[in-house]
Amino acid sequence: MTTTDLTVGATREPFVDKPLTITDFVRYQGASGDMNPIHHDSSFAAKAGYPTPFAVGMLQAGVLGTFATDWLGAENVRSFKVQFREQAWPGDVLTYSGTITAVREQDGERLVDIELACTRQTGGTHLRGWATFVAPN
Amino acid sequence: MDTSLAGRTGKPFTMTVEAGKIREFARATKSQNPAYDGGPQGQPVSPATFLMSAQFWQSGENSPLSGVDLNWERILHGEQEFVFHGAPPRAGDVLTGQARIDKVFEKAGKRGGTMIFTEQVTEFRDPSGRLVAELRSTMIETSKATTED
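In the order they appear, the protein sequences are chains A and B. So the first sequence is numbered by the working numbering: it starts at 189 and just counts up by one. So the second sequence is numbered by the working numbering: it starts at 12 and just counts up by one.
Be careful, since some hints might not be right.
Straight-line alpha carbon distances no greater than 25 Å define the calculated DSS-like cross-link-like pairs of lysine-lysine that follow [claimed, not checked]: (1) A/Lys206 with A/Lys269; (2) B/Lys118 with A/Lys269; (3) B/Lys121 with A/Lys269; (4) B/Lys41 with A/Lys269; (5) A/Lys269 with B/Lys32; (6) A/Lys206 with B/Lys32; (7) B/Lys114 with A/Lys269; (8) B/Lys41 with A/Lys206; (9) B/Lys32 with B/Lys22; (10) B/Lys22 with B/Lys114.
Stretch by stretch, here's where chain B covers chain A in the computed footprint (C-beta under 8 Å, at least three residues) [to be verified]: (11) 215–221; (12) 252–264.
No lab work stands behind these hints: they were computed from the structure. We put the beta carbon where it would ideally sit given N, CA and C, even for glycine.
Model the full structure from these sequences, guided by the hints.
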């Protein structure tokens, strides 16, 4: 791993994903086992009052996890939390971003706290996130 | 949902963390990180949100809400947290999971009415009984049909 700037306020270059597709949802649903048809079946979504299927929140939560673990290390993550805000929809262009908020010692380990966000092209917040990592070497 | 549900537990379940499932999950969550492909030891670590896939290894009786009549149209997934006591689980690990309803509490809604928050925790332990990971899911039940923020 290249040297990572572990100072409060440090950021990683945001990840702007390709527009969301229902295929993204299906692929995640297959991987996770959550087969709720509201995320891929247009007629089911319409009957429930939605214009189209909407995004699986845990997919974007997983991509936010990818963003964080690519930054600070897959083996170093010790906690990861997301809060679901407004829904995301097929065609949305989502931006994943993060900032280091604290670097601290606890029980002999150096820990890094980060705040994360997944925002829509409208500026609306889809997810907020928080994570703690053991500092990468 | 009501406070009487707190303390209910699901039946424990056992899952084996599988390398192929890790790779599939990592790809679905748009990762190219070689750590999820095995690395030099051929024992990939699992992604941060991978334990959501534990539902693959579960049946209805593993849910602490099994048999509870709920109005799912009014229930939102509000928050999801993952805690790891050490590095996340690796391929080949055999974990025993058990879910419980940890807390149920009410808050006043911003637009009137009440919201009921239910926190479900699933603990994952290794064969020695060591706590390896915890999932905490917060579900929010609104007093009227859910709408977007």
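Which of the stated hints cannot be reconciled with the structure, identified by number in ascending sequence? none
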